[in-house]
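K.L.:
This is what each chain is made of:
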Amino acid sequence: AQKVTQAQTEISVVEKEDVTLDCVYETRDTTYYLFWYKQPPSGELVFLIRRNSFDEQNEISGRYSWNFQKSTSSFNFTITASQVVDSAVYFCALSVGTSYGKLTFGQGTILTVHP
Amino acid sequence: EAQVTQNPRYLITVTGKKLTVTCSQNMNHEYMSWYRQDPGLGLRQIYYSMNVEVTDKGDVPEGYKVSRKEKRNFPLILESPSPNQTSLYFCASSLLLSSYEQYFGPGTRLTVT
Chain A
54 AQKVTQAQTE ISVVEKEDVT LDCVYETRDT TYYLFWYKQP PSGELVFLIR RNSFDEQNEI
114 SGRYSWNFQK STSSFNFTIT ASQVVDSAVY FCALSVGTSY GKLTFGQGTI LTVHP
Chain B
14 EAQVTQNPRY LITVTGKKLT VTCSQNMNHE YMSWYRQDPG LGLRQIYYSM NVEVTDKGDV
74 PEGYKVSRKE KRNFPLILES PSPNQTSLYF CASSLLLSSY EQYFGPGTRL TVT
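Protein chains in written order, with this note's numbering: chain A, 54 to 168; chain B, 14 to 126.
Chain B with its partners taken away, still in its complex shape:
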């Protein structure tokens, strides 16, 4: 079954404690990205990757890091989380085409206290 998986699904942490949210897809997609969803703002892109070892900033990259060492995985790293990073995070993947449907993971709800 074609899918994007994210772990963990829920996470409560404290300010400054490094964390990683994993994302994996099984569709051999080149393009992967991370979005955060906040009330009244919709989803905004954090980082994206067009292939292995190729990553770039999206619209709201501050406070986040990513890596793409394998095609299927695209982890999101928060080196020093702050309360303003409390949000719902989605990983997505697609072919490298703007016309193509994005496949979204189930979301990770992060709370930073």
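Isolated chain A, as found in the complex:
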């Protein structure tokens, strides 16, 4: 069975601070995919990134970066110079090669960025 743990329930920062959201996953499959989604106050789910288990390269997209480490089964997400618009719930999710389209989600981290 698959499991995703986001230990940080809520994080509060002041604008321009850097913030890292932790994600730890469990799976016995060797082929798997990791995702991050953002859920702003409006409620929709916004896809941020997908990573496969064979690619441990870190990724940067503007102020967002992701650190994938198979050795610690972690896929952490860092926002640099946070902004109020980054306030949202962030979900980490996992799918495995045998599960076709199913996503196993973490509990979510509520990020609040104060001006």
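Just so you know, the hints here were simulated from the structure itself, not pulled from any lab data.
A virtual CB, placed ideally from N, CA and C, is assigned to each residue, including glycine.
Where hints are given, some of them may not hold.
What the hints assert, rightly or not - Listing some non-contacts, in silico: residues in chain A with all C-beta distances to chain B over 10 Å:
hint : residue
1    : S65
2    : E79
3    : E112
4    : S127
Unchecked claim - Taking lysine to aspartate or glutamate pairs in the DMTMM-like style, the calculated list, with each CA pair at most 25 Å apart, reads:
hint : chain 1 : residue 1 : chain 2 : residue 2
5    : B       : K84       : A       : E97
6    : B       : K70       : A       : E79
7    : B       : K70       : A       : E97
Assemble chain B onto chain A, guided by the hints.
P.N.:
Just chain B, lined up with the frame of chain A:
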């Protein structure tokens, strides 16, 4: 525009009154699923379908039914809703590949009193 639509977006109902939440996608995706989102639990899969007439239970199927008579539609049916089914529901679709991005609908907020 590629999209997943859900209706209604908001629904308040009473215990025991049957309801259906519709879901439709225009991307010709084989895979469709329903999730519910509850505070502190993230999203959990209710049911999924890998193609027309092929459906199966997810992690929390009790109290729900689904059908897949057409590829584009995947309605969620609550035959006798109860207050513990008060939740935010998302429909999603994708190609039949675990690597593929899931497209999510806008969500349906259901309250059962």
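K.L.:
Determine for every hint whether it applies to the structure shown.
P.N.:
Hints and how they fare:
Distance check for A/S65 against chain B: the nearest CB is about 17 Å away, which clears 10 Å, and the non-interface claim stands. Non-interface call for A/E79 relative to chain B: holds, since the shortest CB-CB distance, roughly 14 Å, exceeds 10 Å. Non-interface call for A/E112 relative to chain B: holds, since the shortest CB-CB distance, roughly 15 Å, exceeds 10 Å. Against the 10 Å criterion, A/S127 stays outside the reach of chain B, whose nearest CB is about 17 Å from its own CB.
Among the hinted pairs, B/K84 with A/E97 is consistent with the structure: their alpha-carbon atoms are about 23 Å apart, no more than 25 Å. Of the pairs offered as hints, the one joining B/K70 and A/E79 holds, with about 22 Å between alpha carbons and a cut-off of 25 Å not exceeded. With a C-alpha separation of about 24 Å, the suggested pair B/K70 and A/E97 falls inside the 25 Å cut-off, and the hint holds.
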